[in-house]
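Letter by letter, the chains look like this.
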Amino acid sequence: MLRCTVKFCGGCNPRYDRGEAYQTVRTSLADVAGFSYPEDGVHYDALLIIRGCTGCPYLYEEIDADHRIIIDSADGIEEAIRTIRQLA
Amino acid sequence: MMTKDQYIESLRKLKLNLYMFGEKVENPVDNPIIRPSLNSFAATYELAEDPQYEDLMTATSHISGKKINRFTHMHQSTDDLIKKVKMQRLLGQKTAACFQRCVGMDAMNAVFSSTYEIDEACGTKYHENFVKFLTRVQDEDLAVDGAMTDVKGDRSLAPSKQADPDLFLHVVERTADGVYVTGAKAHQTGFVNSHEVLVMPTISMREGDEDYAISFAVPTDSEGITLIYGRQSCDTRKTEEYNDIDVGNKVYGGHEVLVIFDRVFVPNDRIFLNGEVKFAGMIVERFAGYHRQSYGGCKVGVGDVLIGATALAGDMAGSAKASHVKDKLIEMTHLNETLYCCGIACSSQGTKTKAGNYLIDLLLANVCKQNVTRFPYEIARLAQDLAGGLMVTQPSEADYRNPVLKPYIEKYLKGVASVPTEDRMRVLRLIENMTMGTAAVGYLPESMHGAGSPQAQRIMIARQSNLEMKKELAKKIARIQ
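Residue numbers (my numbering), protein chains in the order written: chain A, 33 to 120; chain F, 2 to 482.
Hints were generated in silico from the structure; no laboratory data involved. Just to be clear, a hint being listed does not mean it is correct.
Heads up, simulated EDC-like pairs for lysine to aspartate or glutamate below, C-alpha to C-alpha not over 20 Å straight-line [what the hints assert, rightly or not]:
1) F:K95 to F:E50
2) F:K67 to A:D72
3) F:K67 to A:E93
4) F:K133 to F:D178
5) F:K16 to F:D222
6) F:K68 to A:D96
7) F:K67 to A:E71
8) F:K68 to A:E94
9) F:K68 to A:D72
10) F:K67 to A:E94
11) F:K95 to A:E52
One chain only, chain A, in its complex shape (with noise of 0.2 Å):
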């Protein structure tokens, strides 16, 4: 199982339901990733960026973690659940 966790932006005017859209990826990955949110010290597979729009620039390259896959519309939700599907 690919150890994952989640960053949200702040949600200022998101374009899209970030929570959902998290939801969704869990829920599609269930059988080969498990999310958590990020822990100091805590190593990760995946980073899951969830952006609620493309002006949102930060990476938080404060969390250890090997990939970082991005979300920031309602479009990238399938893209990102087969990016992650590919590292497992």
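Using the hints provided, position chain F relative to the given structure of chain A.
Same frame as chain A, but now just chain F:
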């Protein structure tokens, strides 16, 4: 950080001397008129707990290195200033009301940098006092009210020249341990929901006004403080038997109070300015600048809800495809996003103060607020235009709940057949609430006068407009020697 529930419980411990409608309020937390404002304030705690919003709602303390609520943070970069505006937009979207905690954040950032520079010039220890206070606020995640606006009496007279010396808050007695202050602060947003009040002078001062150049922090339930709750239009709808549809926004709201200080004692280590008249203006200017930036976030978030409600009203009436409806919604969006542009712009052009926190670009912050004194009114006008007269003529919820009348109301207030009549009534009441009811206090007159009335921004814009440089530019192009 405190959770939402811990915050609410902490308010129950305050012994506020609060009056409303002529009577003492023994339990503000559960009072139906006050509770919506508490809920808005509590949202600043609730969202900070949610991973979906923590990136905006929290920051890292420059003092302790710990995660803190952004409302207690000293901005450490222009990125922090931008995140502040985004956080305010977010909270405006979630509450459709004034969530009240910005004023304390803005006051703390202004006093933090000002005290550093006062100490540098005067050899005082105000910054040390303030950092001690701030450390406690951050560690305990306290709610702080920022109190600036004095009642001012005769506007043509200086504080020390007023017929009644108490019309500007001032020191009435000095002891070895501290000072006693008397006076009143008007329009105090969120005071009832705050643990501490940070008091600042209201205007620049001159020699002779030393007793009025005072800044300090005390608990909101200090002996000698009396609060009189501000009346809002339609406020008693919250106490009616049927108080769901007609209030427009059942959960959230805002409040202001008149705060009277009658010989309130301030210990020495809680004093941040005490007689240094030439620095009163610095605190005022910085606080006003931060607060004028704030309105480029919070009012935009509230505007988002109003635009959404107006679009829904169009959908429910079957008018959504009319070209003028679409165009008016575009205009509302254009105005709203223009305010946001100003909030982001003055943040991105911020600079580091000597104390280390960041200050917004004051010219752009004043331009931001000047637009805020106008655009929400136009957005509200367009909302009322598109909502139609039913917004203010529809029957009450009590009529709607009457079994004899309900079928008539269901039948004749129906718009698009698939939309329940009750839904249409709800969205129209929301528009009424935001443009004429309790929430209009925060969205309209507060946009006009909060953080300073329009003329105050124009004075600041004139001061910083760099007109001589502009003249030189014109001379050069026109080839004038």
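Status of each hint after checking the structure:
A C-alpha spacing of about 15 Å is found between K95 (chain F) and E50 (chain F), which places the hinted pair at or below 20 Å, so the restraint holds. Of the supplied pair hints, the one linking K67 (chain F) and D72 (chain A) holds, its CA atoms being roughly 13 Å apart against a limit of 20 Å. A C-alpha spacing of about 18 Å is found between K67 (chain F) and E93 (chain A), which places the hinted pair at or below 20 Å, so the restraint holds. The straight-line distance between the Cα atoms of K133 (chain F) and D178 (chain F) is roughly 17 Å, inside the 20 Å bound, and the hint therefore holds.
Restraint check for K16 (chain F) and D222 (chain F): satisfied, since their Cα atoms lie roughly 5 Å apart, inside the 20 Å limit. A C-alpha spacing of about 18 Å is found between K68 (chain F) and D96 (chain A), which places the hinted pair at or below 20 Å, so the restraint holds. Taken as a hint, the K67 (chain F) and E71 (chain A) pair is honoured in the structure, with Cα atoms around 14 Å apart against an allowance of 20 Å. A threshold of 20 Å between alpha carbons decides the hint, and for K68 (chain F) with E94 (chain A) the separation of about 14 Å falls inside it, so the pair holds.
Among the hinted pairs, K68 (chain F) with D72 (chain A) is consistent with the structure: their alpha-carbon atoms are about 12 Å apart, no more than 20 Å. At most 20 Å may separate the alpha-carbon atoms for a hinted pair to count; K67 (chain F) and E94 (chain A) meet this at roughly 15 Å. About 17 Å separates the Cα atoms of K95 (chain F) and E52 (chain A), which keeps this hinted pair within 20 Å; it holds.
The structure fails none of the hints (numbered hints given earlier).
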